[in-house]
Amino acid sequence: MDKILRVDMGAEGGPKVRTEPVGEFAGLGGRAMTTAIISKEVHPLCHPLGAENKLVIAPGSLSGTAASMSGRISVGCKSPLTGGIKESNAGGQAAQVLARLGYAAIVLEGKPEGDDLYKIFLHKDGVEVSVDNSLKNLPNYPLVEKLKGQYSDRAAYMTIGTAGEMKLLAASIACTDPEKRPTRHCGRGGTGAVMGAKRVKAIILDDTGLKMRAPKEPEKFRDANRRFVEGLRKHPITGEGLPAYGTNVLTNVLNEAGAYPTHNFRTGRFENAAKISGEVQAELEVKRGGLATHGCHRGCVIQCSGVYHDKDGNYVTKQPEYETVWAHGGNCGIDDLDVIARLDFLDDNFGVDTMDTGAAVGVAMEAGLIPFGDGPGAIRLVEEIGKGSPLGRILGCGAEVTGKVFGVERVPVVKGQAMAAYDPRSVMGIGVTYATTTQGADHTAGYSVGPNVLKSGGDLDPLKPEGQVEMSRNLQIATAAVDSTGMCLFIAFPLLDQPETFQALLDMIGAFHGITLTGDDVTALGKSILKMERDFNTRAGFTKHHDRLPRFFLKEPIPPHNVTFRVEDEDLDKVFNW
Amino acid sequence: MEDFLQILRTGVGVAVKVGCSLKDLLCGQFRLDESYVERRISTIFLDGKPVDAVGTTRIRDGSTLALSAAMPGLAGAILRKGGALAALRADVAPGGGEKNEVPEGDGVITVKLFNLLAPELSRGFLRRGVLLPAADVRAFLRRRPPAFWVGCREILIDGKRVEAAELTDGRWAPAGESVALSVAFREA
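Residue numbers (the numbering used here), protein chains in the order written: chain A, 1 to 578; chain B, 579 to 766.
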């Protein structure tokens, strides 16, 4: 990955392509790359849908290698949803293929005049940008179906659905899975709207004739990868729980903890949570001939995904993830997995973030558009997004816009982005991360943890606010670093529990690049990313007052534990004091 | 046994001696191996609060005990028994559960078995016997497919052998009453 592809979509005479050496961005991958380019090259006060914004697509630094779990691709831009810097990543095949093509990043710049819609085709012999207006108004599934017939069987696709074309603020970028279904999404922050603003409907990546990226020290790399995979397989979460039940295994547990936001964050328990749990979902998938265990990209050993069929055995969607089941399920009072699966399909097909869309539907229910628990009504609302009706465009712009339009006070967002499936009153540490992350309320921003990171916090008492702040900071640092490798964040648990697995990861990265890597290096990388992101957001007008949860979380106790969020503002302001 | 898993995930009543520690309950009364409790049961909730100290947390009549294997996600790590991130709970009562003296005696608690633990522990709880509302038992039995009854070797109500049809008509269990359900499995 020694080159960067820049496509000036607004160039005179049509899009212009140039390939340049990776230069000052050498060694960066994933979030580190997207953040470095955006923070350096994008004016922080630009309009996110304007020509000045850029869309950066970067595979992880280990993507395209034989490293297991290295299939995450990062997309970065100034977010139309939050107004700040954004990195959103997804699985699927795109990261591996793009990395093998040798590109450390694709940067879409400028904005074309007119209504033409473009596709960009990358292959071993070059890059082709062409107008293809036959793709207009196609949702993701028919779009990929149409493209599949035109390209090699090895091709991976990054596409936007109708929501991206309409530049809706919750629009996603879809990445195809190994079966070439547009099921993996860079969902958060409206990256699909930025791609739509640049009039790019599809990026086709074909690595035919290319091999895996070779490590500098092949033997050491192979050995470290073997130890890493062993660590994943022997851990109960990555070796058993996630493969058996997927991420939705969390439903019963979060519900029991009273931390499962229900009816638009009114209560922490959903009485019918068991009916939509991962355990029931997995049994149903197997019974109907789908899959309860499936990888979102080749090289995944955790296999936390699946395939969801209807009662007649026909494909509906990939296994809806925990956050999706929650957003469209308990959050909306819906206890029917078939309804939730249909909503997941619609989200993927139109190309919108399942979390912000589910949260928007919950806010619409709060406003009285339809009652909580109305599954068919929820489907009708999401179908409005696909139609592009005024109501659909409101919902497709996420929970915050929906709340403003319908006059709802209880809107669970930070920096314009909807929260995920964890109530910050019941699990306050997640609230610290929701409030302070550069990305808007993001449950993955403070997700990853390794033994070195836990120890790097010094001797502060973790039971006191300053200790929690310290821990949230360290988690955010570690996550930023892992997001740069292309590694799936689910590796976090073996890293936490098994020091030898953490060491195997360091050894694998080191052997690939021919260097010796330490935990301190990882921390330094994570810090540098967060510094760039904080700096961008500050220049974009963000202040400490944006690092706050909505006031209702401080005022309304949530049943069953009847707690409020009680971390003081001055403690939140210490998260980035290092 | 798969048929019974959802019942155990939703929660069943179990007659126990209360006033003891959670460890005594799990290892003594439920006869679970100590290393299994330590390593496999990674997440424990007592009345909705995560438990860290199984040796000192006391069980009282009417409690709800939920058992889970290790869970993914930041929340999973935070809720884990004695986990390194337990401090991030703050208000889900670190080390929750009753630590004061609780009078010893007979009682009934609700037990929920989640995820990997349901198939591993269901057999033992069903053999021991669980308490369920009669309406739930009736609804459960009526939803069983024919294959369930084919595999059912003997049905006893209050010690008297009956046919499957008598069991499913539900007249033996008046609405509003509780049923003590015990299931013995033939060893594989």
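Incorrect hints may have been included.
Unchecked claim - When the alpha-carbon atoms are kept at most 30 angstroms apart in a straight line, the in silico DSBU-like pairs for lysine-lysine are as follows:
id: 1; chain 1: A; residue 1: Lys387; chain 2: A; residue 2: Lys146
id: 2; chain 1: A; residue 1: Lys234; chain 2: B; residue 2: Lys659
id: 3; chain 1: A; residue 1: Lys275; chain 2: B; residue 2: Lys738
id: 4; chain 1: B; residue 1: Lys738; chain 2: A; residue 2: Lys287
id: 5; chain 1: B; residue 1: Lys690; chain 2: A; residue 2: Lys574
id: 6; chain 1: A; residue 1: Lys234; chain 2: B; residue 2: Lys595
id: 7; chain 1: A; residue 1: Lys555; chain 2: A; residue 2: Lys404
id: 8; chain 1: A; residue 1: Lys275; chain 2: B; residue 2: Lys659
id: 9; chain 1: B; residue 1: Lys738; chain 2: A; residue 2: Lys234
id: 10; chain 1: B; residue 1: Lys659; chain 2: A; residue 2: Lys311
id: 11; chain 1: A; residue 1: Lys211; chain 2: A; residue 2: Lys16
Hints were generated in silico from the structure; no laboratory data involved.
Going through the earlier hints one by one, which of them does the structure break, listed in rising order?
Hints 3, 4, 5, 6, 9, 10 contradicted; others consistent.
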